[in-house]
Each structure stands twice: as C-alpha cells, then as structure tokens.
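J.: So the chains spell out like this:
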Amino acid sequence: MWFFLISDAFTFSTLLVVYGVIRFASPVVWADPEKVFTHFPGLHELLHIDAPLAFVGLMTFILIASSVTMVLAVEAGHRGDRAKVELYMLWTILGGVAFVSCQGYEWYHFIVGTHGFYHEVYGDLNGALHLLDGSVATAMADGTIIIQNGVDAGKDLLTNPDLVTKLVPGGQISADLFVQGANTTINQYAQNPSFANLFFFITGFHGSHVASGVLLNYIVYKQVQNGVMEERGHYEMVEKVGLYWHFVDLVWVFVFTFFYLV
Amino acid sequence: MAQSQHQTHGEFDNDQSEYHHPDIHTHHDEAHGTAVRKKIWQVFWILLILTVLEFVVAFTVGRGTFRNVTYIVMTLVKAFYIVGSFMHLKDEVKSLIMTILIPMLFILWLILALLIEGGFYNGGWFAS
Numbered sequence: 001m002w003f004f005l006i007s008d009a010f011t012f013s014t015l016l017v018v019y020g021v022i023r024f025a026s027p028v029v030w031a032d033p034e035k036v037f038t039h040f041p042g043l044h045e046l047l048h049i050d051a052p053l054a055f056v057g058l059m060t061f062i063l064i065a066s067s068v069t070m071v072l073a074v075e076a077g078h079r080g081d082r083a084k085v086e087l088y089m090l091w092t093i094l095g096g097v098a099f100v101s102c103q104g105y106e107w108y109h110f111i112v113g114t115h116g117f118y119h120e121v122y123g124d125l126n127g128a129l130h131l132l133d134g135s136v137a138t139a140m141a142d143g144t145i146i147i148q149n150g151v152d153a154g155k156d157l158l159t160n161p162d163l164v165t166k167l168v169p170g171g172q173i174s175a176d177l178f179v180q181g182a183n184t185t186i187n188q189y190a191q192n193p194s195f196a197n198l199f200f201f202i203t204g205f206h207g208s209h210v211a212s213g214v215l216l217n218y219i220v221y222k223q224v225q226n227g228v229m230e231e232r233g234h235y236e237m238v239e240k241v242g243l244y245w246h247f248v249d250l251v252w253v254f255v256f257t258f259f260y261l262v
Numbered sequence: 001m002a003q004s005q006h007q008t009h010g011e012f013d014n015d016q017s018e019y020h021h022p023d024i025h026t027h028h029d030e031a032h033g034t035a036v037r038k039k040i041w042q043v044f045w046i047l048l049i050l051t052v053l054e055f056v057v058a059f060t061v062g063r064g065t066f067r068n069v070t071y072i073v074m075t076l077v078k079a080f081y082i083v084g085s086f087m088h089l090k091d092e093v094k095s096l097i098m099t100i101l102i103p104m105l106f107i108l109w110l111i112l113a114l115l116i117e118g119g120f121y122n123g124g125w126f127a128s
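Those sequence lines, one after another, are chains Y and F. Numbering follows the working numbering, in which position 73 of the first sequence is assigned residue number 73; successive positions increment by one, without gaps. Numbering follows the working numbering, in which position 103 of the second sequence is assigned residue number 103; successive positions increment by one, without gaps.
One chain only, chain Y, in its complex shape:
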C-alpha cells in the first residue's frame, strides 16, 4: 500500500504544481477563492448570507474526523475488539459519504453560479460571435453578450449595430460578456477557463479517491462483520484501507491549502 501511495502522491503533487504554474502564468486575473466558495447549506438558500470558505472548512473537519475514527478502528483491531472495529469503521464510512455529498453540493453551486459576472472578452467577427475560447455567444441589444451556464447560442453580429461599433482592427471585437456559472470553456469566477478546469479535475480526482475509499472501507467493514479477520487472526486489512484513507485526508490537507487558501 505504501508504494501505491507514493505513486499517488506524485500524481496529486503534479496536479497541484500544475495548478501553481498555470495560475502564475495566467495572463488574466485569477479567481479569488474567498469569493467563489461562499455557499453554506441553509445560509445560502434561506437567509442569502455569504459564508466564505465556511463550507470547505466543514468538509475539512469531516475528513479529519473520519481519519480519527479510522485510526481508532485500527487501534481496536490491534486489541482484537471486533465490535469497536465495526463501530469506528461505520463512522468512517459515514464521514466519507458526508464528504462526497458536500462535494456534490459545492460542485452544484460552482456549476450553476449565483450572481454572474461581466467579463471583457475579445472575439472574432464571423457571423455569430465566436469567442477565442471556442464558444459561441448571443449578442444582446444593449451591447452585452450572454452565455448562461456556458450554453452556446449564436446570433448574427451584423444585426447588432452596438457591437459593430466596438469592432477593432483585425476583425476582432471586444465586448462585455455576461457569464453565470462554470463549465470547461468559460466560468464566471476568472477569465481563465483553466480555473474551472483545474477545480473540476483536482477536486474531482480527489473526490473519486474518497468515493473508492468509501467502497474499500465498506468491503472491509463487511468482512469484519462476517468474522473474516478473526478467522485470519489479524486485522491487517483494516490497517491497509486505513493507510489509504489517511492518504486521502492528507491529499485534502494540501488541496485545501493550495486551492482554497492561497
């Protein structure tokens, strides 16, 4: 397990280093995580209050707590206390499911977006407004161009005189683009689509690790319940899935720092 974890550590490190490189090299302003991750269940829906980073903090707490219950399960395994191993593994599984659910909530709000934002963009005049990122936008009568949730909608630019006046030499136009939410080509948080791409990839890759960790934990939990470990005479499998689970927690500690804080 340790050697697998080394290789996985390389993968995650490379992802985070790439995040740093792309962010540092970004020609346009990068997103401010404090302004992106402000949704907290209940506060957002009922009271419309922004709680910057609070939900990510809760997710971090859930993962650390589930790591503690995992290590308690391993400790109970050393003593051969089957009931305690089952209890603590169940808590760990619960923590994992809670974390993945929280991530689902966060992804939902990231994709749908809340207030939207006007980005100044440059596009080619080519019938419809084909933006440099490859998407096609709708030109509105007031001179703005709308892409909602990244849904493509083209409209003949020549019918919109306001936009034609913004035509700059070289067949390019500049305009204010209204963007709400995020997809892989455009997002409301940063003009650089890489921000959303990296969010999807890094948290998605971590989330899939959590999900497979939950599955592994459940399999081992069932084995413990069926008395497999007592038959084998040791609880080594609990320690092995425990190592994986702590690693997932470890990765989150780094993702939390480099994606949400820095």
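No lab work stands behind these hints: they were computed from the structure. Virtual Cβ for every residue (Gly too), placed ideally from N, Cα, C. Any given hint could be a false lead.
To be verified - If the Cβ cut is set under 7 Å, some of the chain Y residues that face chain F in the computed set are:
no., residue
1, Trp2
2, Ser13
3, Arg79
4, Leu261
Stated by the list, open to error - Which bits of chain Y does chain F cover? Going by a derived footprint, with three or more residues having C-beta under 8 Å, they are:
no., region
5, 55 to 69
6, 179 to 192
7, 212 to 222
Claimed, not checked - The calculated DSSO-like cross-link candidates involving lysine-lysine, where the alpha carbons are at most 27 Å apart (straight line), are:
no., chain 1, residue 1, chain 2, residue 2
8, F, Lys90, Y, Lys84
9, F, Lys94, F, Lys39
10, Y, Lys240, F, Lys90
11, F, Lys38, Y, Lys240
Position chain F against the provided structure of chain Y, taking the given hints into account.
T.: Leaving out everything else, chain F in the frame of chain Y:
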C-alpha cells in the same frame, strides 16, 4: 500443507479460553490502549486547531509571500502528524521511512525546476 492448516484450525476451535491469536495483541494491556487513544485525540486537536488557525490567517493576513509561507508551514506540520501518527510511519523501520520520504524530494525538484525554467527568479522576486 492443507492438513496442517486444518489441524491448526482444529486446535483453534477447541480453545475454550477467551479468543486469542499470536497476531492479535490481546495482551495489549488496557493502559497502553488508553495511551494510544489519548495520543490519537491529541493529534485530532492539533489538526483541528491548525485548520482553524489557517482560517484566521485567511481573513486577517493580507495576500503575499508571508501568508503563503505560513500556509505551507502549517500544511507541512499537519502532513507530518497525519503521516507520522495516523499512518504510523514514525513506528516503521528506518529503511521504510527513508524509502517513502526520499522519493518525495523529486517533487521539490519539480517545483524548483519549474520556478527556474519559468523565469520566476528573473522576473519575480529578484526583479529590480
């Protein structure tokens, strides 16, 4: 082979005393178990307090090198406790510890190489 395994099982099943096996440390005295659990909760509080401190820093300290260095130090301390205590790497033999930690130097090298190749030192910190 199969027979000997069967015999072992037979002995095992006939054992009327409280369940025990050489690999399961039932002889772990209760005091030791309590100490281990105490240590686990100690690490939990350290991790929690460090995370709370990171939040405090996020909302009180302005962006910049100082803040980032603070974050990185706190993250590495958290990593040390998770790997050392929760993953029990501190209790492993020295050769395994080194086998795991030394390859991590490649990551440092990757970061350093990208900073140098990317011109960070010429255009960033040391630019006049």
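J.: Give a verdict on every hint.
T.: Each hint tested on the structure:
no.: 1; hint: Trp2; verdict: 6 Å, holds
no.: 2; hint: Ser13; verdict: 4 Å, holds
no.: 3; hint: Arg79; verdict: 5 Å, holds
no.: 4; hint: Leu261; verdict: 5 Å, holds
no.: 5; hint: 55 to 69; verdict: holds (count 7)
no.: 6; hint: 179 to 192; verdict: violated (count 0)
no.: 7; hint: 212 to 222; verdict: violated (count 0)
no.: 8; hint: F:Lys90 to Y:Lys84; verdict: 24 Å, holds
no.: 9; hint: F:Lys94 to F:Lys39; verdict: 22 Å, holds
no.: 10; hint: Y:Lys240 to F:Lys90; verdict: 16 Å, holds
no.: 11; hint: F:Lys38 to Y:Lys240; verdict: 22 Å, holds
Consistency with the previously given hints fails for numbers 6, 7, ordered from lowest to highest.
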